[in-house]
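Chemist: Listed here are the chains, written in short residue letters.
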Amino acid sequence: MPFVRISVPAGTAAAARAALADAVHQALTETFDVPQDDRFQVIEALGGDSLVCTPSYLGLSHARPAFVQIVCSVGRSVEKKKALLRRMAELAQEGAGWRREDLIVHLVEVQKENWSFGNGLAQYA
Amino acid sequence: MPFVRISVPAGTAAAARAALADAVHQALTETFDVPQDDRFQVIEALGGDSLVCTPSYLGLSHARPAFVQIVCSVGRSVEKKKALLRRMAELAQEGAGWRREDLIVHLVEVQKENWSFGNGLAQYA
Amino acid sequence: MPFVRISVPAGTAAAARAALADAVHQALTETFDVPQDDRFQVIEALGGDSLVCTPSYLGLSHARPAFVQIVCSVGRSVEKKKALLRRMAELAQEGAGWRREDLIVHLVEVQKENWSFGNGLAQYA
Numbered sequence: 002m003p004f005v006r007i008s009v010p011a012g013t014a015a016a017a018r019a020a021l022a023d024a025v026h027q028a029l030t031e032t033f034d035v036p037q038d039d040r041f042q043v044i045e046a047l048g049g050d051s052l053v054c055t056p057s058y059l060g061l062s063h064a065r066p067a068f069v070q071i072v073c074s075v076g077r078s079v080e081k082k083k084a085l086l087r088r089m090a091e092l093a094q095e096g097a098g099w100r101r102e103d104l105i106v107h108l109v110e111v112q113k114e115n116w117s118f119g120n121g122l123a124q125y126a
Numbered sequence: 002m003p004f005v006r007i008s009v010p011a012g013t014a015a016a017a018r019a020a021l022a023d024a025v026h027q028a029l030t031e032t033f034d035v036p037q038d039d040r041f042q043v044i045e046a047l048g049g050d051s052l053v054c055t056p057s058y059l060g061l062s063h064a065r066p067a068f069v070q071i072v073c074s075v076g077r078s079v080e081k082k083k084a085l086l087r088r089m090a091e092l093a094q095e096g097a098g099w100r101r102e103d104l105i106v107h108l109v110e111v112q113k114e115n116w117s118f119g120n121g122l123a124q125y126a
Numbered sequence: 002m003p004f005v006r007i008s009v010p011a012g013t014a015a016a017a018r019a020a021l022a023d024a025v026h027q028a029l030t031e032t033f034d035v036p037q038d039d040r041f042q043v044i045e046a047l048g049g050d051s052l053v054c055t056p057s058y059l060g061l062s063h064a065r066p067a068f069v070q071i072v073c074s075v076g077r078s079v080e081k082k083k084a085l086l087r088r089m090a091e092l093a094q095e096g097a098g099w100r101r102e103d104l105i106v107h108l109v110e111v112q113k114e115n116w117s118f119g120n121g122l123a124q125y126a
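Residue numbers (this note's numbering), protein chains in the order written: chain A, 2 to 126; chain B, 2 to 126; chain C, 2 to 126.
Honestly, the hints are just simulated from the structure, not real lab data.
Accuracy of the hints is not assured; some may be wrong.
Straight-line C-alpha distance at most 30 Å; calculated DSS-like pairs for lysine-lysine [as the list claims (entries may be wrong)]: (1) C:Lys113 - C:Lys83; (2) B:Lys81 - B:Lys113; (3) A:Lys113 - B:Lys81; (4) A:Lys83 - B:Lys81; (5) C:Lys113 - A:Lys113; (6) C:Lys113 - B:Lys113; (7) B:Lys83 - C:Lys81; (8) C:Lys113 - C:Lys81; (9) A:Lys113 - A:Lys81; (10) B:Lys113 - A:Lys113; (11) B:Lys113 - B:Lys83; (12) A:Lys113 - A:Lys83; (13) B:Lys113 - C:Lys81; (14) C:Lys113 - A:Lys81; (15) A:Lys81 - C:Lys83.
Computed, partial: chain B to chain A, Cβ under 8 Å [what the hints assert, rightly or not]: (16) Val35; (17) Asp50; (18) Ser51; (19) Cys54; (20) Thr55; (21) Tyr58; (22) Leu59; (23) Ser74; (24) Lys81; (25) Lys83; (26) Asp103; (27) His107; (28) Leu108; (29) Val111; (30) Gln112; (31) Lys113.
Each residue gets a CB set at the ideal place from its N, CA and C atoms; glycine is no exception.
Could you build all of it, start to finish, from the sequences and the hints given here?
Modeler: This is the structure in structure tokens:
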């Protein structure tokens with residue numbers, strides 16, 4: 002059900018991009034009850050001035066940011082969201098060597114009937 | 002009012018991309034009361050590892066997926082949403098030869114006052 | 002807190018892209034209480050048929066459209082949203098020479114706990 006878009010700076014190695022995508026998906030399966038085979042992701046690499054990130058905000062510095070947008074169904078608690086964010090940063094560091102400060106995430110929540118996984122059906126409605 | 006983003010694998014022929022975009026727009030006009038000239042779309046082609054899709058989910062196999070994100074105003078019924086999803090898959094198959102299993106869609110709903118179609122005005126507020 | 006994605010036609014000069022991004026950010030700081038250093042943006046340039054825009058809608062003509070998507074937290078009044086849209090169009094024209102008719106915007110609102118600015122924390126929760 003989640004649809005994920007990850008935006009990283011151009012020049013990020015293919016292995017790091019893949020490991021980042023894996024980290025986001027694994028965190029979703031561990032904390033958001035997302036099935037293993039429910040995986041739909043875009044990973045885009047953005048050249049120099051296409052990705053604008055503040056050098057620091059809220060006391061965190063940013064060197065090589067990854068922007069992660071997760072569209073998911075409504076209904077998760079604040080605690081679940083916190084667990085997802087925490088786990089994602091851990092796994093991105095472990096798997097991709099991504100600085101924890103540089104994983105910048107937001108969730109966009111939608112209604113359950115807003116998804117189609119093919120065949121023109123709203124499978125969750 | 003809808004804003005549409007379609008993500009297809011690189012190598013998708015220009016004619017197929019255009020037909021897919023037409024199919025999404027036509028389905029919106031037929032089922033969501035979207036005016037013909039209310040059309041704002043991005044169609045992006047994503048190279049090899051930039052588009053990650055499960056080989057199958059919920060019993061549907063995926064070979065050459067198109068991810069379709071539709072931002073629209075809140076207020077459509079579940080029935081209308083189902084009609085949109087159904088019609089979109091039909092038209093994508095008819096017009097672009099797109100496998101119905103491979104049209105993967107989600108809707109993001111926003112408030113009516115959240116749109117500007119130019120001139121700095123919120124035309125629907 | 003806002004996450005901004007700006008989509009412009011390929012061929013838009015780098016200076017115009019940068020000025021457009023500046024305009025969007027400045028308008029957010031002036032009208033939406035966004036801190037100066039709370040800046041996270043993607044500016045993508047889209048070749049020919051990747052950006053589809055109606056020639057006109059609601060009486061406004063479109064020549065060289067910029068699509069602007071702003072993900073932000075819920076809670077702004079309609080008046081604040083109108084002020085943001087108005088100011089953005091002014092600044093885009095002043096700074097980037099962008100036609101006011103051609104700034105096409107939508108806001109996607111999310112819960113406060115849906116953001117992480119790094120370190121795996123939900124800083125606004």
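Chemist: State for each hint whether it applies.
Modeler: Status of the hints after comparison with the structure:
For the proposed pair Lys113 of chain C and Lys83 of chain C, the alpha carbon gap of about 21 Å is at most 30 Å, so the pair holds. Annotation: proposed proximity of Lys81 of chain B to Lys113 of chain B holds, straight-line Cα distance about 18 Å (limit 30 Å). Proposed proximity of Lys113 of chain A and Lys81 of chain B is supported: the alpha carbons are some 14 Å apart, at most 30 Å. About 34 Å separates the Cα atoms of Lys83 of chain A and Lys81 of chain B, which puts this hinted pair outside 30 Å; it is violated.
Of the pairs offered as hints, the one joining Lys113 of chain C and Lys113 of chain A holds, with about 20 Å between alpha carbons and a cut-off of 30 Å not exceeded. As the CA atoms of Lys113 of chain C and Lys113 of chain B are separated by approximately 20 Å, the hinted pair is consistent with the 30 Å bound. Restraint check: the Cα-Cα separation between Lys83 of chain B and Lys81 of chain C comes to about 34 Å, which exceeds 30 Å; the hinted pair is violated. The straight-line distance between the Cα atoms of Lys113 of chain C and Lys81 of chain C is roughly 18 Å, inside the 30 Å bound, and the hint therefore holds.
Restraint check: the Cα-Cα separation between Lys113 of chain A and Lys81 of chain A comes to about 18 Å, which is no more than 30 Å; the hinted pair holds. Proximity of Lys113 of chain B to Lys113 of chain A is assessed by CA-CA distance (about 20 Å); at most 30 Å being required, the pair is judged to hold. About 21 Å separates the Cα atoms of Lys113 of chain B and Lys83 of chain B, which keeps this hinted pair within 30 Å; it holds. Of the supplied pair hints, the one linking Lys113 of chain A and Lys83 of chain A holds, its CA atoms being roughly 21 Å apart against a limit of 30 Å.
Between Lys113 of chain B and Lys81 of chain C, the direct Cα distance comes to roughly 14 Å. Compliance with the 30 Å bound is thereby established for this hinted pair. The hinted pair formed by Lys113 of chain C and Lys81 of chain A meets the criterion: a straight-line CA distance of about 14 Å does not exceed 30 Å. The straight-line distance between the Cα atoms of Lys81 of chain A and Lys83 of chain C is roughly 34 Å, outside the 30 Å bound, and the hint therefore fails. The interface hint given for Val35 of chain B is violated, since its Cβ lies 16 Å from the closest Cβ of chain A, which is over the 8 Å cut-off.
The beta carbon of Asp50 of chain B is positioned within 8 Å of a beta carbon in chain A (closest approach about 6 Å), and the interface hint is therefore held. Hint status for Ser51 of chain B: holds, given a least beta-carbon distance of 5 Å to chain A, under 8 Å. Among the interface hints, the one on Cys54 of chain B holds; its C-beta lies about 6 Å from the nearest C-beta in chain A, closer than the 8 Å criterion. This hint holds: Thr55 of chain B has a C-beta 4 Å from the nearest C-beta of chain A, less than the 8 Å allowed.
The criterion of a C-beta within 8 Å of any C-beta in chain A is met by Tyr58 of chain B, whose closest approach is roughly 5 Å, and the hint holds. Taken as an interface hint, Leu59 of chain B checks out: its beta carbon lies about 5 Å from the nearest beta carbon of chain A, inside 8 Å. Interface hint status for Ser74 of chain B: violated, as the beta-carbon distance to the closest one in chain A is roughly 13 Å, over 8 Å. The beta carbon of Lys81 of chain B is not positioned within 8 Å of any beta carbon in chain A (closest approach about 10 Å), and the interface hint is therefore violated.
Taken as an interface hint, Lys83 of chain B checks out: its beta carbon lies about 5 Å from the nearest beta carbon of chain A, inside 8 Å. Restraint check, Asp103 of chain B versus chain A: the minimum CB separation of about 6 Å is within 8 Å; hint holds. Restraint check, His107 of chain B versus chain A: the minimum CB separation of about 5 Å is within 8 Å; hint holds. Evaluation of the Leu108 of chain B hint against chain A yields a held restraint, the C-beta minimum of about 4 Å falling below 8 Å.
Checking Val111 of chain B against chain A by beta carbon gives a least distance of about 10 Å; that is not within 8 Å, so the hint is violated. Checking Gln112 of chain B against chain A by beta carbon gives a least distance of about 14 Å; that is not within 8 Å, so the hint is violated. For the restraint placing Lys113 of chain B at the interface with chain A, the shortest Cβ-Cβ distance is roughly 17 Å, beyond the 8 Å limit, so the hint is violated.
Consistency note: the structure conflicts with the earlier hints numbered 4, 7, 15, 16, 23, 24, 29, 30 and 31.
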